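Residue numbers (our numbering), protein chains in the order written: chain A, 1 to 255; chain B, 1 to 255; chain C, 1 to 272; chain D, 1 to 272.
Keep in mind the hints are simulated off the structure, nothing from the lab.
Here the structure is a predicted model, which is why all the values come from computation and not from measurement.
Among the clues, some could well be false.
Non-contacting residues of chain D with respect to chain B, defined by C-beta distances greater than 12 Å in every case (computed) [as the list claims (entries may be wrong)]: (1) 6; (2) 149; (3) 171; (4) 185; (5) 202.
Here are the computed distance ranges between Cβ atoms for each label pair [claimed, not checked]: (6) C:67 with A:174: 42 to 48 Å; (7) A:34 with D:6: 36 to 42 Å; (8) B:179 with D:171: 27 to 33 Å.
Where is the CB? At the ideal position from N, CA and C, for every residue including glycine.
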Amino acid sequence: MPEPTSAEWTSADMMNVAAARELLDGDVCLVGVGPPNLAANLARRTHAPNCRLVYESGAIDAKPKKLPLSIGDDDLAATAISVVSVPEMFNFWVGAGRIDVGFLGAAQIDRFGNINTTVIGDHANPKVRLPGAGGAPEIAAAAGRVIVIVKQSPRTFVERVDFVSSVGYGPTGRERQAPGAGPTLVITDHGVLEPDPVTNELTLTRLHPGVTVEQAIAATGWPLKVADSIEAVAAPSERELDALRNLRNREPVDA
Amino acid sequence: MPEPTSAEWTSADMMNVAAARELLDGDVCLVGVGPPNLAANLARRTHAPNCRLVYESGAIDAKPKKLPLSIGDDDLAATAISVVSVPEMFNFWVGAGRIDVGFLGAAQIDRFGNINTTVIGDHANPKVRLPGAGGAPEIAAAAGRVIVIVKQSPRTFVERVDFVSSVGYGPTGRERQAPGAGPTLVITDHGVLEPDPVTNELTLTRLHPGVTVEQAIAATGWPLKVADSIEAVAAPSERELDALRNLRNREPVDA
Amino acid sequence: MTSPVPLADAIAEHVHDGDTVALEGFTHLIPFAAAHEIARQGRRHLTLVRMTPDLIYDQLIGLGCADEIVFSYGGNPGVGSLHRLRDAVENQWPHRLVVHEHSHAGLANAYSAGAARLPFAVLRGYRGTDLEEQRDIISRVTCPFTGEELAAVKAVNPDVSVIHAQLADREGNVMLWGITGVQREAVLAAKRAIVTVEEVVDEFPEHTGAVILPNWVLSAVSVVPNGAWPSYAAGYSVRDNDFYQQWDAISRDREAFLAWAAENDLKESSNA
Amino acid sequence: MTSPVPLADAIAEHVHDGDTVALEGFTHLIPFAAAHEIARQGRRHLTLVRMTPDLIYDQLIGLGCADEIVFSYGGNPGVGSLHRLRDAVENQWPHRLVVHEHSHAGLANAYSAGAARLPFAVLRGYRGTDLEEQRDIISRVTCPFTGEELAAVKAVNPDVSVIHAQLADREGNVMLWGITGVQREAVLAAKRAIVTVEEVVDEFPEHTGAVILPNWVLSAVSVVPNGAWPSYAAGYSVRDNDFYQQWDAISRDREAFLAWAAENDLKESSNA
Chain A
1 MPEPTSAEWT
11 SADMMNVAAA
21 RELLDGDVCL
31 VGVGPPNLAA
41 NLARRTHAPN
51 CRLVYESGAI
61 DAKPKKLPLS
71 IGDDDLAATA
81 ISVVSVPEMF
91 NFWVGAGRID
101 VGFLGAAQID
111 RFGNINTTVI
121 GDHANPKVRL
131 PGAGGAPEIA
141 AAAGRVIVIV
151 KQSPRTFVER
161 VDFVSSVGYG
171 PTGRERQAPG
181 AGPTLVITDH
191 GVLEPDPVTN
201 ELTLTRLHPG
211 VTVEQAIAAT
221 GWPLKVADSI
231 EAVAAPSERE
241 LDALRNLRNR
251 EPVDA
Chain B
1 MPEPTSAEWT
11 SADMMNVAAA
21 RELLDGDVCL
31 VGVGPPNLAA
41 NLARRTHAPN
51 CRLVYESGAI
61 DAKPKKLPLS
71 IGDDDLAATA
81 ISVVSVPEMF
91 NFWVGAGRID
101 VGFLGAAQID
111 RFGNINTTVI
121 GDHANPKVRL
131 PGAGGAPEIA
141 AAAGRVIVIV
151 KQSPRTFVER
161 VDFVSSVGYG
171 PTGRERQAPG
181 AGPTLVITDH
191 GVLEPDPVTN
201 ELTLTRLHPG
211 VTVEQAIAAT
221 GWPLKVADSI
231 EAVAAPSERE
241 LDALRNLRNR
251 EPVDA
Chain C
1 MTSPVPLADA
11 IAEHVHDGDT
21 VALEGFTHLI
31 PFAAAHEIAR
41 QGRRHLTLVR
51 MTPDLIYDQL
61 IGLGCADEIV
71 FSYGGNPGVG
81 SLHRLRDAVE
91 NQWPHRLVVH
101 EHSHAGLANA
111 YSAGAARLPF
121 AVLRGYRGTD
131 LEEQRDIISR
141 VTCPFTGEEL
151 AAVKAVNPDV
161 SVIHAQLADR
171 EGNVMLWGIT
181 GVQREAVLAA
191 KRAIVTVEEV
201 VDEFPEHTGA
211 VILPNWVLSA
221 VSVVPNGAWP
231 SYAAGYSVRD
241 NDFYQQWDAI
251 SRDREAFLAW
261 AAENDLKESS
271 NA
Chain D
1 MTSPVPLADA
11 IAEHVHDGDT
21 VALEGFTHLI
31 PFAAAHEIAR
41 QGRRHLTLVR
51 MTPDLIYDQL
61 IGLGCADEIV
71 FSYGGNPGVG
81 SLHRLRDAVE
91 NQWPHRLVVH
101 EHSHAGLANA
111 YSAGAARLPF
121 AVLRGYRGTD
131 LEEQRDIISR
141 VTCPFTGEEL
151 AAVKAVNPDV
161 SVIHAQLADR
171 EGNVMLWGIT
181 GVQREAVLAA
191 KRAIVTVEEV
201 VDEFPEHTGA
211 VILPNWVLSA
221 VSVVPNGAWP
231 SYAAGYSVRD
241 NDFYQQWDAI
251 SRDREAFLAW
261 AAENDLKESS
271 NA
């Protein structure tokens, strides 16, 4: 599988930058470990300085000076407006629909945005035991927008997930019953997929620089639906790449 | 209705002292406004200095220096080990059965310890609108011992309460389903009533000094059951009366 | 929401005739100034929600602002009756008042369910009481694991909740401490929230037991020093127990009450 | 409960073979020292409950202490897999591990229900997931007011909960602050509770967001400075991120893991 890159940036950089760009200034964003953490903090350091970071550990409006290495870093509690208990976080904040944007990862995702982070194989006797659901099922159910960040490959983008950890639009795309919007964007290292407005089938709508429709199709385990017009994603800017590098190097922002 | 008194103390003093004596050192006691507040603080200043006072306002292990005038006095929050929200108080502390002793008052009480603090007459169009249930239904349901403090009269001790605000042992004494013990003592200005171990009918078991069985029967709106042997309650001691007077005068205890 | 606004503006914008309004504060931090502003602006047909109606709702009920009340304990703490509440319920003065009645645990959990945007909450207690006859707000639910039957209360979601707090910071975040009652839940259960505060500070101090509400869950913050009188704000004022006593005489008599209202510029609302 | 006791005594008295044990702490204040003492004393057949098994349960599982696990996210935060957990589930090494699996919201609410001594809790989410196939712990309940169907989780009530906190006072009351996770609920849901603390003080300082647990809900307090390493105690230590990285290599290989256990005097339990 070809990895689109340039001299300046990798496909992983592009994925994180594309995710960061989706955050609007003022959004309340629930941040998980890994790429979401990078993307949300990147947004805060670039175009969305007033993006509000909420961590499921209980930190509300955290303003981490360095990229946190876990969702429970002391820096998060120390810089948050308020720190609440985990039950309160899930009941009064996530479940109540106060999150504008939730980020999710996936070990497997199907064409209707259903996500597996639990097991490959059978639940009782799995071939691969994955970390599990964590906060994802409730984020998937209740956030205003849900952005999935995941590298695209036929092993990950599967016809049918082994286990539904978080519900997208259900087995046939029509079973969604939760109050939140469901996965609104799937951002990969190839481009962006969005649910079809009618059928909810994930559809390729944007491509990262240097990636072809054929590569995206080849990286998908089902016959990928492609939008009539594909938007070309702008390459990461110098400012975005600088901020990303600083975050990865855990350089502190000026107070 | 004769009011048993002496030169030294009134029947109301005797009622408060008798209630205070029921608290054991170390008891966790949920304290409401009025006589319970007086009785619990009296116990703390006499024989039960380690009695733990919990107020439904959220104050846990409050050590008020003066008699609080409300259950939400600043002195309660300022001297408590911990102050919790009202939902937490009722869910994690009262409802969870962490209260050893709950005190209740009553506008009406029937022979099976069911309590009315809501209305005289019909609920929608009452003759007298009383304050309502407050924390009582859950205290009645969940406390290890429930002590009712109420002056005895035929108007209060009625065959059938107009409205069940808090359940004692149910309409016939056999309907109790809650995890707590139910009313274990009813302390009046005449003496003490206890539920019959078999039928749960409130039975006169103790008399305050100077009060006769006949007076207690006359002060009861149903044919009062009287125990075979009636215990004579000891008159208030000097120490008890001193402490009671100091509390009523809102004199602070030494720190 | 960032800069404080005058209380009159906050009430004018966010409290409307016919709204379900919760003014919360458990003995401590009762938002009296906001209630008086609601009365001055002549709001009518309100459904008032509050665990302890206290003097604050006795006043609004007497002034004719309320058509319905949702509550759990309607006494004057340590003093006796709320005479305006009683007069409304017993004698329909100044007009009929519909009563929806909970226990403390019931209403506290109804707010919590509202704050979680759940339609109901489960609790112990209530069972076998006549309060259960209010089937529209109190019901039963069976545990799917044990078969045990428990009480259920319908969530409360006010159109607007109003609280008083000690502090706001420059960004409009709010901090309260001491007895914090059910204020967090009342604010989070509401569509809109108004907070009056004692003062605005650059930096919040450390206070064990403090509740902090971020500015983005609030609609308006107004600076109203002593806005909780005759209740109190820990660290700023003490409870005016004498006024609670005096209220018994003021409220017992309709004429005395109306005279008090007129003296306090609250007449307009009652006769609007 | 008033005076602190040695940790070995606390574990010996309150943690028994076959117990359901919750060692809680969400990234912060993870009670590693207590877990190691449980292993040293050779406890077996435990049901381990914890939202994030983290290294602490990876170690106990690898040492063979656990027969069952109840959890909601089993990764090494920011690093990758918990290899001992995976080896137990995928390969039954050192023996079979039965998995009961929640989401964070589900397990947090299960503790809350346990703390309230309610048999279940209601929440949004879960619906339509395959997690619902675990019918013994996840079910549905219908709102008696609206007819809406919601998720229900069975309450969790550990035999013993263990947490690490910053402070105890002379009476054995306990204070923790920073990210306080689900510790209050875990302690209140348990039959018995053990707390290790950084130090004992005469008077608690003011800390916004602090949780205070009165001594009468605790079974034992033990003074164990740095008892949360390699996690951290805000104000006392920082997270040892390097060890979390190193654990990946240690835990990936059974021999390397056993060598680490032996070096840390944890071998006895695994081969008892």
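ask   = Measuring from beta carbon to beta carbon, are residue 67 of chain C and residue 174 of chain A in 42 to 48 Å?
value = Holds: the Cβ-Cβ distance is about 43 Å, inside 42 to 48 Å.
inquiry  = Using Cβ atoms and 12 Å as the threshold, tell me whether residue 185 of chain D really stays out of contact range of chain B.
reply    = violated (8 Å)
key: Consistency of the no-contact label for residue 6 of chain D, given chain B and a CB cut of 12 Å   = Holds: least Cβ distance 25 Å, greater than 12 Å.
key: No chain B beta carbon within 12 Å of residue 171 of chain D's   = Contrary to the label, residue 171 of chain D does not stay out of reach of chain B, its closest Cβ about 8 Å off (not over 12 Å).
message = Range first: 36 to 42 Å. Now tell me if the beta carbons of residue 34 of chain A and residue 6 of chain D are that far apart.
response = holds (40 Å)
key: Given as non-interface: residue 202 of chain D, partner chain B, CB spacing beyond 12 Å   = holds (14 Å)
key: Claimed clearance of chain B by residue 149 of chain D, with the beta carbon kept past 12 Å   = Per Cβ check, residue 149 of chain D is outside 12 Å of chain B; nearest 23 Å; holds.
inquiry  = Taking 27 to 33 Å as the stated bounds, is the beta-carbon spacing between residue 179 of chain B and residue 171 of chain D within them?
reply    = holds (29 Å)
Violation of the numbered hints given earlier is confined to hints 3, 4; the remaining hints are satisfied by the structure.
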